[in-house]
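As they're listed, the protein sequences go chains R and W. Under the numbering used here, the first residue of the first sequence carries the number 1, and numbering increases by one thereafter. Under the numbering used here, the first residue of the second sequence carries the number 1001, and numbering increases by one thereafter.
Quick caveat, the hints were computed from the structure, so don't treat them as lab data. Since the structure is predicted, the reported quantities are computational estimates derived from the model, not experimental observations. There may be inaccurate statements among the hints.
Mimicking DSSO-like on lysine-lysine, the simulated pairs with C-alpha atoms at most 30 Å apart in a straight line are [unchecked claim]:
1) Lys1010(W) - Lys40(R)
2) Lys1248(W) - Lys40(R)
3) Lys240(R) - Lys1040(W)
4) Lys1248(W) - Lys1263(W)
5) Lys169(R) - Lys240(R)
6) Lys184(R) - Lys240(R)
7) Lys1236(W) - Lys1248(W)
8) Lys40(R) - Lys1236(W)
9) Lys1182(W) - Lys184(R)
10) Lys19(R) - Lys223(R)
Below are the chains, spelled out letter by letter.
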Amino acid sequence: MPLIIKDEYPEKLFRKDGKRLDGRDLTDLRDIKLDVGVIKNADGSAYLEWGNNKIFAAVYGPREVHPHHLAKPDRGILRVFYRMATFSVFDRKRPAPGRREKEISMIVADCLEPILFLELYPGTSFEVFIEVIDADGGTRCASTTVAALALADAGIPMKSLVSAVAVGKIDGKRVVDLSGIEDKAGEADLPCAITWYNEEISLLQFDGDMDLEEMNDFLDMAKEALVKIHKLQLEALRSKYVSLTETNNKDEGEN
Amino acid sequence: MMDVKRIISKVEKSYIKSNLKKEERIDGRNLWEYREFKIKSDTIASAEGSADVFLGDTRIITGLKYEIGEPFPDLPDEGVCTIMAELLPVASPLFERGPPDEQSIELARVVDRGIRHADCVQTQKLCIKENEAVYILFVDMYVINYDGNLIDAGGVSALTTLLSAHLPEGKIGDDGLEWTGKYLTGDDLVNELPLVLTYGKIDDIVFLDPSLPEELMCDGKISISVTEDKITSIQKSGAATFSIDEIKDLCKRSLEIGQKLRKELDLPQYKSSLK
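The following block holds chain W by itself, in its conformation from the complex (with noise of 0.2 Å):
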């Protein structure tokens, strides 16, 4: 059991303070250091799509779910890819039960509005008939263990949840909706693979990957999405304001790390063999 309380003591403030002043960090990091990443991928046998993603002691499990449904009148050729997130009170004393609060849909829409605004999910190919009958994908990320940073941890689950999808090919035929027996597959639906990186403040000093005791005492955090050369979303949040040189510092930074960690996570190795 780890000792996880609301308020952070002002010893323990003023530690992680002194240490950051030095650029190091309390678990032994430097300020521009991601906790391990550990990915399982399609573990889950009643989703069409599954990831297991530890950041650190941060564990978040996503799974896949679709629907048939009609496609909204303005998009009447593409399907639909929803994200929701629901924080567990398992995952933290800190986490009750009850309808989604602030916190979770916080979550689901940073994670969402990286990967639906970087050319991701191929909404097209879930069209099955237009006007008629797409794909609508339910991507819920449930978090199982909360030690910080959920955003980050949320959008790699996100996303290797949506590349070992393996959804049942339909088509309309004479007597409505017929499976073909063959899948769709992460290869068919996913492009770009975005990444979303955030920042924690604590005084003027910036660092990557806020643990729990960081992101309990941050005066605010910034969250960047990126894809291999584009900056596709950003969430700044906390009462914390960040100078322009800083964004402009970050986003250059968010592109450099993302690179290397898409390269580190090598994510479409997770990609489902099924055809």
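With the rest of the complex left out, here is chain R (with noise of 0.2 Å):
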């Protein structure tokens, strides 16, 4: 059954039990699928749904760098593309490239740059190409999730691997993982993504306004929810070796 979003703001995001209008509680993360290994022509890739999101996430390299102007001879670059679907927002997004997609490439590409060893690959790109199918809010955490998942697919040495989430506050309250109502309605949105090798903050955005309590208390949600969405990621990682494994018993055992 299709879901019929409207583009219209609600005039409370809180429903009258005080739950969130799709249920949740302040903390609750909506729910994340993550899969690894679903484009097969891909060195590395992944796919999430994380609520109405849709991503796809394929890395491709270390390979040749074009245009070659680009290549670093003491290191290898990393390149993110990050595009939305036409269909993927509530009106028709133009086909080209915007401003606001080359921005959140960049950003990705900054946040996921620290993870990896690039000064083994001297000359060389990695491209992660991120491509949103369905699109409801977050969609810059749900990216940078998906695309360090894809990374760790594809086998790159990692010092490990990045969580993001958004924390933010509507109708005066503080909450976890804003939908795409609650981020176009809501009073502040703090987007964030964490480095787990040495727990430091990576991704960091911030619009709307708050005081020096309000911004603590949010960076602590957003570790606590982000400790959730990492045990996420390793769970996926994790299956595709143990469904790997499982198959092969399958083959011995009719061998």
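Hints given; two lone chains; assemble the complex.
As structure tokens, this is what we get:
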């Protein structure tokens, strides 16, 4: 059954029973489904469903750099291309990449770069392509999460994974993981990502207004949610090898 | 990860050819057999219709969006249906970023012509008010994985998307456009179910549904769109030549294979249940 998204802001973002419009409590995440190795042609790939967000990420590399002048003699480069499908949003998006997509590509690349050992791959590039097929708020965080998984699936040496989530303020209350409507109609939105090898923040943006106490609280809430997301990422990576072992055992049993 | 190369080695070429001469394919099919189609519809909440189609390992996700606009002056009571295709760089190392290239334009145009000339989309149903307001449909195909024969997968994907359509029904009232709360669905919009069938040619052997290695080494291809009993569009591409007898034979085959495939796929099951 299709979901009809209305492009109008509701008056209240909480129901009478105190829950959010989609039935979540303040610190609940939407349902997250992660899968790796979904695109056979890619060196590494991952697919994510996060609420109504549906996102593919594919990694190609290390490979030759095009155009050649971008190559660095002492290290590899990481390039990220975030794109949204024309039908992923309420009003059809123009097919050519816009300013928003270019900015998100850049901040996701900056966020992922610290976890890679690019100095081991001079003169090459890693290219991460992110395709948002369906969007419902928080795509830059979801994209970062799924791109890290695709890099891991490609078998590229990494210091750790990266996880990302948005926290924010809606109707005066602090919540985790804003949906599309909450993002548009809420007061504050703070997407952030963490690199787990040093547990430091690698992506941070903020729009809205808040005082110092709120900011401190937001960062603690984000950390808590990020731990949950990290677990899901590790499970997704592990499950690929679990299913491989199962098929291998089955094959051996038949022979 | 699969090993995708621009150039097929001589050994692999001769292996493919020697198999074709025995009327066999390297993936175990015969000359006139499709790989398996897997179809899911209405998977995208933001789109007014969508399809996720696999043909073997080729995968295309298509979505439908609409705008309300003015009709063309020569067709004042007809809506517009446009088809676009994008070969995403996620899908293959052979695809590059950037504006649409020849291959993606050909994919969109061949699929478009197959549908346009088949009395498929009932464009008059897409008219809200003559000369003033019509639906403009955008059927946008995104290639997620490329393993040969995008055109046939794209044709099924675009058609399934149109069938799964659920457009909010509008009418022109006193204050301009109003929504009635009902939906225009695939039932209203789609009449004929055209399918496009693509054949590859290597030397003098012609075969259905080229896989990626076959497509990369073939001399040329021919795509034939068919409805239940009519041929609606043909596209020959690549540097091969086809004899007149071959073309006659392929047209006859296309109608037969098309009828069989139409029954197997049973596309009307993907119609939207909204009313």
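Evaluated hints:
For the proposed pair Lys1010(W) and Lys40(R), the alpha carbon gap of about 24 Å is at most 30 Å, so the pair holds. Under the criterion of a C-alpha separation no larger than 30 Å, the hint pairing Lys1248(W) with Lys40(R) is inconsistent with the structure, at around 37 Å. Taking the CA atoms of Lys240(R) and Lys1040(W), the gap is near 23 Å; set against the 30 Å cutoff, the hint holds. Taking the CA atoms of Lys1248(W) and Lys1263(W), the gap is near 23 Å; set against the 30 Å cutoff, the hint holds.
Under the criterion of a C-alpha separation no larger than 30 Å, the hint pairing Lys169(R) with Lys240(R) is inconsistent with the structure, at around 37 Å. A distance of roughly 36 Å separates the Cα atoms of Lys184(R) and Lys240(R); the hinted pair therefore is violated under the 30 Å criterion. Straight-line distance between C-alpha atoms of Lys1236(W) and Lys1248(W) comes to about 14 Å, which keeps the hinted pair within the 30 Å bound. For a cut-off of 30 Å, the pair hint linking Lys40(R) to Lys1236(W) stands: about 29 Å separates their Cα positions.
Between Lys1182(W) and Lys184(R) the CA atoms are separated by roughly 27 Å; this keeps the pair inside 30 Å, and the hint holds. Using a Cα cut-off of 30 Å, the hinted pair Lys19(R) and Lys223(R) holds, with the two alpha carbons roughly 22 Å apart.
In this structure, the earlier hints numbered 2, 5, 6 are contradicted, and the remaining ones agree with it.
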